[in-house]
Amino acid sequence: MSLDLRPDAADAPPDGEARPGRLRKLVVVGIALLAVSALLCLGFTPMVFNSVVQSMRDSAENAQEGCGSLGFSVDDDVKIDGLAADQLQNAATIIGVGQQMKVPPRGWVIALATALQESLLHNYTVATDHDSVGLFQQRPSSGWGNASAGATDTRTPAQRLADPKYASAKFYEKLLRMPNWTSRRLAEVAQAVQISAFPERYARWEPFATLLVNRITKGAANGVVATEGDPIRCPAPGQITGAGWTVPALGQVGSGFRTPERPGHAGVDLIVPRYTVIHAASAGIVVTSKCNASTGNCDVDGSPAVKGCGWYVEIAHTTGLTTRYCHMVTRPLVTVGQSVAAGQPLGRVGSSGNSSGPHLHFETRVNGDAVNPVSFMAARGAPLGTRQ
Amino acid sequence: MARLPAGVYVRRPGYRILSALVLAVIVAGVVLLARLFGSASPDGSAGAGPAPAPSRTVSSSEGDDSVYAGDSPSAEAASSAALGVGENFVRAWLQPTDGRSQEQWHAGLVRYAQPDLATQLRDVDPTTNPATAVTGQPTATVLSETSAEVVVPTDAGPATALCVLTADGWRVATIDLGE
Numbered sequence: 001m002s003l004d005l006r007p008d009a010a011d012a013p014p015d016g017e018a019r020p021g022r023l024r025k026l027v028v029v030g031i032a033l034l035a036v037s038a039l040l041c042l043g044f045t046p047m048v049f050n051s052v053v054q055s056m057r058d059s060a061e062n063a064q065e066g067c068g069s070l071g072f073s074v075d076d077d078v079k080i081d082g083l084a085a086d087q088l089q090n091a092a093t094i095i096g097v098g099q100q101m102k103v104p105p106r107g108w109v110i111a112l113a114t115a116l117q118e119s120l121l122h123n124y125t126v127a128t129d130h131d132s133v134g135l136f137q138q139r140p141s142s143g144w145g146n147a148s149a150g151a152t153d154t155r156t157p158a159q160r161l162a163d164p165k166y167a168s169a170k171f172y173e174k175l176l177r178m179p180n181w182t183s184r185r186l187a188e189v190a191q192a193v194q195i196s197a198f199p200e201r202y203a204r205w206e207p208f209a210t211l212l213v214n215r216i217t218k219g220a221a222n223g224v225v226a227t228e229g230d231p232i233r234c235p236a237p238g239q240i241t242g243a244g245w246t247v248p249a250l251g252q253v254g255s256g257f258r259t260p261e262r263p264g265h266a267g268v269d270l271i272v273p274r275y276t277v278i279h280a281a282s283a284g285i286v287v288t289s290k291c292n293a294s295t296g297n298c299d300v301d302g303s304p305a306v307k308g309c310g311w312y313v314e315i316a317h318t319t320g321l322t323t324r325y326c327h328m329v330t331r332p333l334v335t336v337g338q339s340v341a342a343g344q345p346l347g348r349v350g351s352s353g354n355s356s357g358p359h360l361h362f363e364t365r366v367n368g369d370a371v372n373p374v375s376f377m378a379a380r381g382a383p384l385g386t387r388q
Numbered sequence: 389m390a391r392l393p394a395g396v397y398v399r400r401p402g403y404r405i406l407s408a409l410v411l412a413v414i415v416a417g418v419v420l421l422a423r424l425f426g427s428a429s430p431d432g433s434a435g436a437g438p439a440p441a442p443s444r445t446v447s448s449s450e451g452d453d454s455v456y457a458g459d460s461p462s463a464e465a466a467s468s469a470a471l472g473v474g475e476n477f478v479r480a481w482l483q484p485t486d487g488r489s490q491e492q493w494h495a496g497l498v499r500y501a502q503p504d505l506a507t508q509l510r511d512v513d514p515t516t517n518p519a520t521a522v523t524g525q526p527t528a529t530v531l532s533e534t535s536a537e538v539v540v541p542t543d544a545g546p547a548t549a550l551c552v553l554t555a556d557g558w559r560v561a562t563i564d565l566g567e
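Keeping their order, the protein sequence lines are chains V and Z.
Take the first sequence: its letters are residues 1 to 388, numbered as in the numbering used here.
Take the second sequence: its letters are residues 389 to 567, numbered as in the numbering used here.
Everything labelled a hint here was simulated from the structure, so no lab data went into it.
Be a bit skeptical, because a hint or two may be false.
[What the hints assert, rightly or not] With the Cβ distance kept under 7 Å, some of the chain Z side facing chain V (calculated, not the full set): (1) VAL455; (2) TYR456; (3) SER468; (4) ASP486; (5) SER489; (6) GLU491; (7) VAL498; (8) THR507; (9) SER532; (10) ASP543; (11) LEU553; (12) THR554; (13) THR562; (14) ILE563; (15) LEU565.
Just so we're clear, the structure is a prediction, and the values are computed from it rather than from any experiment.
Even glycine gets a Cβ: it sits at the ideal position worked out from N, Cα and C.
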């Protein structure tokens, strides 16, 4: 490329006749340098490209609010920055196969997160890692791709797995056989189908997979759907959105997040009667389950004079998200280290700790920093408040 | 504009230096871009001295009726205990380079893992784990008195273990690899 540079002709030396030997040497060196830099470019391109999708993965915030109603129409014209045509086509294929098989939207999110991790949604027809092929990098040596009995399909297992529709259908078949797959942690569910050495990797893609489903289907991940054709609805406690979230309890939002009156209020207070069941807002690992009170006693009602959030539970979800549930009436139902499903009961509403009456103090945090639970939950299709 | 033979430019010393500089800038640019955007991190590789492992604590006492942290002296203790079990787990979980069987590999990590995680890893082929060695000091971020996230640098990127304090002691609940 540098041989195209032409300095000003006026500066050209008078002895214009080239000495061919040196010239040839220079040309050879130049070509070699060009080749090396071209190789470097090619070698690094996938890395740079990966970083685009990775930054999308890390910053994916679901901008869609409300509980979508168009969830079963696939938008063929959608464009997503950073994704090439083949990747978008494969994403639409995965969703389409899920719809044909009557898999609810939660399954599409799980399938997309898995395929993003395994292949970045590129259909690898030739194995590059062991004998893994296709969108889901399924391995014929592990039994993937075998023809069902009596089938007329004469392709080899590897050929079948390199067919995006076949590979997606096989993924869903195994997914649907797992108990409670719609509410369990995405990493656990994807792991049970895929069997990776680092299961948590799948979960990193959950927000981006959710965004993809919402963009391609106009919001299917943002609500619950019982059967195809039903309108997509906001979840009641225990019903899980495609994004994997539900409401901890249905109740009016009393004291809000960092209001002028209470600038230090790091969550919202949901006004719900004593003994109401508190549900995990999403699946995760319990990282705290204890009594937090300046009196040391959470088994009696607290008061504004007591410090602390009483009997409480904290759950670590994927990608740096945590939720916290305070003032339970008795010791929580879950213990530290336990893997909880979305909607699983954590305890019951009470008034322990710094509390003047029964309510659920609910916090949502991103990398440890408290964010407004009202907008946080609305963006996940599980808006807080009273319904029904 | 009259075009002179290519040799005229190529033979000029100033041009040669210029072209060398241009190439050097291009190569440096490519490498820099890859460093900036790529997943390989330049630091944290082998050869780092025995620097003390830094640890961070995510603030957990905030707001009026939120968690009261008046009596929690155990953040440091949590951090060092979690670091130990996190690093032990990751070392047991690396791809075996000494011919251990799949069963031996799994048996080696079970005692550091929560039962759920041990089950998840039961059928894993450890030769598919690209990490074969620990390449630096582990670090911990304390999430609460009973949990911390431990990051152990490996030759295939950082391994991230969520460590939790259970009735049986500190255990690893989840494992991730890469940025």
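Against the structure, test the hints numbered earlier, and report the numbers of the ones violated in rising order.
3, 4, 5, 6, 7, 8 and 10
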